[in-house]
Amino acid sequence: MALTATATPRVRTDILHQLGMPRPLWFLQSFNRPNLRYEVRPKSGRSVLKTIVELLKGQFARQSGIRVVCATIAFGMGIDKPDVRFVMHHSLPKSVEGYYQESGRAGRDGRPAVCILFYNYGDMHRIRRMVEQDVSNPAARQTHLTNLWHVVNFCENRTDCRRAQVLHYFGENFDREFCRRNPHGTNVTLNHIVDIFRGAAIKKIIEMGHNKLPLYGKGKGYSRMDAERLARKLVLDGFLKEVSTINHLDMAISHVRVGNRAPELVQGNAKISLAVEKESKASESSVAVQELPADAEMDKLTESCHNELVEMVKSLAREKNTFYGNLIHMEALRGLAKALPTTTEAMLQVPHVTRAVVDKYGAQLLDIIERHAAEKIVLEAEREAQGSSSSSNELVQQPPSAFMERAAARRKRPAGGGAGQAAPAKRMKKFFRRKARK
Numbered sequence: 002m003a004l005t006a007t008a009t010p011r012v013r014t015d016i017l018h019q020l021g022m023p024r025p026l027w028f029l030q031s032f033n034r035p036n037l038r039y040e041v042r043p044k045s046g047r048s049v050l051k052t053i054v055e056l057l058k059g060q061f062a063r064q065s066g067i068r069v070v071c072a073t074i075a076f077g078m079g080i081d082k083p084d085v086r087f088v089m090h091h092s093l094p095k096s097v098e099g100y101y102q103e104s105g106r107a108g109r110d111g112r113p114a115v116c117i118l119f120y121n122y123g124d125m126h127r128i129r130r131m132v133e134q135d136v137s138n139p140a141a142r143q144t145h146l147t148n149l150w151h152v153v154n155f156c157e158n159r160t161d162c163r164r165a166q167v168l169h170y171f172g173e174n175f176d177r178e179f180c181r182r183n184p185h186g187t188n189v190t191l192n193h194i195v196d197i198f199r200g201a202a203i204k205k206i207i208e209m210g211h212n213k214l215p216l217y218g219k220g221k222g223y224s225r226m227d228a229e230r231l232a233r234k235l236v237l238d239g240f241l242k243e244v245s246t247i248n249h250l251d252m253a254i255s256h257v258r259v260g261n262r263a264p265e266l267v268q269g270n271a272k273i274s275l276a277v278e279k280e281s282k283a284s285e286s287s288v289a290v291q292e293l294p295a296d297a298e299m300d301k302l303t304e305s306c307h308n309e310l311v312e313m314v315k316s317l318a319r320e321k322n323t324f325y326g327n328l329i330h331m332e333a334l335r336g337l338a339k340a341l342p343t344t345t346e347a348m349l350q351v352p353h354v355t356r357a358v359v360d361k362y363g364a365q366l367l368d369i370i371e372r373h374a375a376e377k378i379v380l381e382a383e384r385e386a387q388g389s390s391s392s393s394n395e396l397v398q399q400p401p402s403a404f405m406e407r408a409a410a411r412r413k414r415p416a417g418g419g420a421g422q423a424a425p426a427k428r429m430k431k432f433f434r435r436k437a438r439k
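Take any residue in the sequence shown, note its place counting from 1, add 1, and you have its number in this note's numbering.
Among the clues, some could well be false.
[Claimed, not checked] Using C-beta positions, here's what the derived DEER-type ranges look like:
| no. | residue 1 | residue 2 | range |
| --- | --- | --- | --- |
| 1 | SER48 | ASN174 | 34 to 40 Å |
| 2 | THR160 | ALA297 | 32 to 38 Å |
| 3 | LEU216 | ALA6 | 51 to 57 Å |
| 4 | MET209 | VAL12 | 33 to 39 Å |
| 5 | PRO215 | GLU133 | 37 to 43 Å |
| 6 | GLU298 | ALA263 | 45 to 51 Å |
| 7 | ARG13 | LYS58 | 38 to 44 Å |
| 8 | GLY21 | GLY123 | 24 to 30 Å |
| 9 | GLU298 | THR7 | 50 to 56 Å |
| 10 | THR160 | MET131 | 25 to 31 Å |
| 11 | MET2 | ASP360 | 53 to 59 Å |
Treat the hints as calculated values from the structure; they're not laboratory data. These numbers come from a predicted model, not from an experiment. We put the beta carbon where it would ideally sit given N, CA and C, even for glycine.
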């Protein structure tokens with residue numbers, strides 16, 4: 002019996018020849034590690050160190066008992082640590098086999114892990130000079146150079162799926178349709194695409210590097226509603242498609258894939274038209290309708306609430322020694338941050354929020370949500386106060402909560418000029434700022 006690992010078809014054939022085993026029975030296991038995501042990122046001077054630090058502090062903060070393991074390429078030898086969540090290559094590996102083995106230290110527990118290789122073409126010259134200095138064995142030198150060309154080709158090929166390239170190198174067939182659906186193991190929702198389009202500076206977008214995409218921020222001038230309409234139109238017209246899958250919580254969730262008509266759009270053979278309602282000028286209306294706070298302010302408030310909710314759930318997960326996604330659906334946290342419900346009954350109206358979640362964590366969630374709901378009312382009050390001081394028109398308003406109803410009752414006083422109208426709003430603003438700080 003002969004055993005080996007990460008050997009290419011050529012190496013396997015050579016091993017059998019050396020051992021004198023012409024017709025053995027082969028048992029081959031797949032080289033595919035479905036829980037690993039492979040990334041190749043450009044490396045530019047010292048900025049790569051800053052990028053690594055940002056990744057360690059952000060995306061991979063406190064995800065294992067040992068914060069960071071710095072190691073040579075012999076890291077895998079004798080290391081029995083299954084919960085390595087990421088492996089970063091600061092420099093180019095000498096072969097695809099080496100890269101597969103070294104990156105394969107990640108995710109031995111079967112949970113998702115990330116393998117990031119920082120690549121600069123100049124690294125190839127340094128390794129090549131080292132290889133060419135060995136003149137004792139020309140055949141071995143040529144083998145090392147060939148291995149180096151393979152790994153450089155892997156890094157330079159930005160078109161084919163990384164996973165497919167690795168598996169093809171080891172002689173394993175892989176369904177490329179899966180690569181086209183999900184080239185780097187990243188699932189995104191339609192809401193995520195809308196956030197990218199509108200340039201939202203939220204944590205998930207930054208961690209995934211989607212703030213560097215050409216699409217990022219192109220739709221800053223769109224309202225959230227119009228941006229969502231545009232995204233849904235792309236789905237309805239066949240440029241995108243939504244695929245429903247069952248996640249690890251046994252819940253159905255829709256992810257976005259490239260649609261059949263996408264090539265038409267990329268090649269400029271199709272155009273998308275979307276009717277957008279123009280904002281009416283103030284002079285055209287005798288009634289000033291109360292505006293909500295600016296989108297940028299509300300986006301910032303929503304993201305702040307979402308981040309606090311996520312950190313709270315992560316803290317609970319660490320106490321229970323489990324993955325935080327097992328406690329509550331991540332889309333539920335996003336929905337809570339947007340809706341800002343202030344009662345348990347209202348929380349249950351948010352998608353993915355279950356009665357079990359409310360019973361177990363409702364009080365802790367509400368503590369965070371209520372503070373941000375109070376801050377939202379402050380923003381609305383400030384906007385209302387600005388409107389009152391600039392116009393004598395009667396405001397047509399729909400109080401967003403019981404807080405605003407009580408505040409509106411206090412504002413019903415005889416007209417006494419602009420200063421008298423603004424005073425209640427100032428008092429209300431101070432009240433809610435105190436509540437938001439609690």
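Each hint tested on the structure:
{"no.": "1", "hint": "SER48 <-> ASN174: 34 to 40 Å", "in the structure": "holds (38 Å)"}
{"no.": "2", "hint": "THR160 <-> ALA297: 32 to 38 Å", "in the structure": "holds (37 Å)"}
{"no.": "3", "hint": "LEU216 <-> ALA6: 51 to 57 Å", "in the structure": "violated (41 Å)"}
{"no.": "4", "hint": "MET209 <-> VAL12: 33 to 39 Å", "in the structure": "holds (36 Å)"}
{"no.": "5", "hint": "PRO215 <-> GLU133: 37 to 43 Å", "in the structure": "holds (40 Å)"}
{"no.": "6", "hint": "GLU298 <-> ALA263: 45 to 51 Å", "in the structure": "violated (35 Å)"}
{"no.": "7", "hint": "ARG13 <-> LYS58: 38 to 44 Å", "in the structure": "holds (43 Å)"}
{"no.": "8", "hint": "GLY21 <-> GLY123: 24 to 30 Å", "in the structure": "violated (44 Å)"}
{"no.": "9", "hint": "GLU298 <-> THR7: 50 to 56 Å", "in the structure": "holds (53 Å)"}
{"no.": "10", "hint": "THR160 <-> MET131: 25 to 31 Å", "in the structure": "holds (30 Å)"}
{"no.": "11", "hint": "MET2 <-> ASP360: 53 to 59 Å", "in the structure": "holds (56 Å)"}
In summary, the numbered hints that this structure violates are 3, 6 and 8.
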